[in-house]
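Keeping the supplied structure of chain X fixed, place chain F upon it in accordance with the hints.
Number of protein chains: 2
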Amino acid sequence: MNADHQPSAEWLAPSDSPRWVGLDIGGANLKIADGRGRAASAAFPLWREPRGLATAITSLLANFAAPREASIALTMTGELADCYATKADGVRAIIDATLDAAEGRAVRVAAVDDRWLTCADAKESPPLVAAANWRLGARLVAGQFPKDRGVWVDIGSTTTDVIPIEDGKVIAVGANDTARLLAGELVYTGVRRTPLCAVVDRLPYRGRECPVAAEWFATTADVWLLLGQLPENPSDSGTADGRPLVRQAAVERLARCLCADRDSFDVTDGLTVARHVAAIQTAKIVGALARHDAEWAVFTGEGEFLAPQVGNNATVAATSVASGHFGTAASRSFPAHAAAVLASHELGSNL
Amino acid sequence: MNADHQPSAEWLAPSDSPRWVGLDIGGANLKIADGRGRAASAAFPLWREPRGLATAITSLLANFAAPREASIALTMTGELADCYATKADGVRAIIDATLDAAEGRAVRVAAVDDRWLTCADAKESPPLVAAANWRLGARLVAGQFPKDRGVWVDIGSTTTDVIPIEDGKVIAVGANDTARLLAGELVYTGVRRTPLCAVVDRLPYRGRECPVAAEWFATTADVWLLLGQLPENPSDSGTADGRPLVRQAAVERLARCLCADRDSFDVTDGLTVARHVAAIQTAKIVGALARHDAEWAVFTGEGEFLAPQVGNNATVAATSVASGHFGTAASRSFPAHAAAVLASHELGSNL
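Taken in sequence, the protein lines are chains X and F. Quick note: the first sequence, position 158, residue 158 per this note's numbering, numbers continuous. Quick note: the second sequence, position 13, residue 13 per this note's numbering, numbers continuous.
Same shape as in the complex, but just chain X (with noise of 0.2 Å):
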């Protein structure tokens, strides 16, 4: 990035302030961070056990350390989850599992009008917190970028967030995500969870076109792994088939989408459909970037890998990769790392 679009101040929270950690709760993601760049993420199916959130929240938070005293900075995804009946009853049901796990400790809820809620008033108003947690990483990008016209760009595991920022504030539209999905600022691809039958109707087969099985076969998952963004991991087994995120186990997943198996389909043919899959993915978030009209962009989340490709695609000036800031961790958790750090500089200790 030039030196017009270097961040301004401080992507961290201050070191002599009140600890806070950040939660985000996903519909297939728990995530937390302590804004100092410390993060941690934990897959957990919502949809499939909403009994089990507290203890998997207070599991998370043991796991974390997060020290007894520390406030929670709460934001949410996950009240879109089938479990719940409305967004509403999803908001009221992750706010009493959170104030469960948090065991005394205060806990503010992250509002899409840019306030801190307390439980009791956000459980009166969900629209207000429901998926609020882009606009967290979006404000944390527009008082580090303050110039000119950029966007955010969080690419996750499930949905990439595409949020424009101009001269320092948040232009986004879209106040809840049936608005942000039609003003293209969510975007529902993301590099690990994105089914392959979501993303193309056809895939590339030993020189023909051959339709794809409308299952969940594959995810996006195998096509990263394959083309060597994302790492093996046989403990994983949050896949399409619930076998191991190893290469094998994603080529013999590939094959399926087109009803072959590894008997007629190989390491070849896997990593000719993952580059076309990869190419569609990519042109699709750069569709969403490019109408814009940006001047720079930051990236974050795990798919920031693609900032290269995604940024000259779209005709961008200066991209930025955030992790380059301030790590790894806290980029795969931008937004729970953010509700740290804009709590930690807007509530301090007066709660």
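Simulated from the structure, these hints should not be mistaken for lab results. The model shown is predicted, which means the values in this text are computed figures rather than measured ones. One or more hints might be untrue.
Keeping only pairs whose Cα atoms sit at most 16 Å apart, straight-line, the calculated EDC-like set for lysine to aspartate or glutamate is [to be verified]:
(1) F/K284 <-> F/D201
(2) F/K284 <-> X/D201
(3) X/K169 <-> X/D148
(4) X/K284 <-> F/D201
(5) X/K147 <-> X/E346
(6) X/K147 <-> X/D167
Here is chain F on its own, set in the frame of chain X:
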């Protein structure tokens, strides 16, 4: 259908023949039929509980009151389920589970080359019996409509077979599922299980087009239920979210595809979405059928209600709905029905 395209003979097994039951083991449903018009289907998520298959088949045989002296004409598509490393593994596991459940009944397995194999021979040549079920339905239709060029269209819960027939002969070119996808003879779309994100990229919402969430939030069962083509069934939990197949829950599932909920998406919105998805899905089947220059088309399966729409749009002169010949149950389990009919004609008691 005009007189030239009437069925030529009997669709049913002779009543004095040795008893055969046809068994069709799919990845999501198990089907059984007696070849005389009686048939049944049981939802069974094979990919989730492969070890329960023998027990599930035992229950199916018991609930169907299959006689102890009946032999079993077996066919399958479930070997593609992602619980099996390869289709060959799947074929062997399905045959073993069937033998377990058969309790001494003879079992013969349908092959794509129109032979009936012993279980031992079938386990030696898995590609011959993998996904051979379409061949049975096609042969039965070909025998009934021996004139001119036509097409058998079996619209199921998950997939649609579109099989060309000429002068009483099946002239399909695909021998395995990948080849069948490539040939347009297997269309991976169905009236229950197909996720919306695999059918459409965008959906109409209050005068705009909204991108679709790439999640398993709703399926085509919700669409056809709202359009009155599938009945409400409070005990059917084979839906995207496991909640009942009833109208209110279907509307809420469709809402979630746009990141909305019942507070922002009502029955009218649901009907608009349903009509759009129905049109796209119908057009996909029309496109596959139109490749074949068919003079007649015979429709079977749960989705045979699409016959008039598909037949008209593909400009087929004569269409026939199979349930009119032998009832709804057998039409919905047509390959199982065909297995029983053909085994009874071709094998009789010569085992």
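- Message: To test your reading of the hints: which numbers does this structure violate?
- Response: Checked against the structure, the only hint that fails is number 5, while the rest are satisfied.
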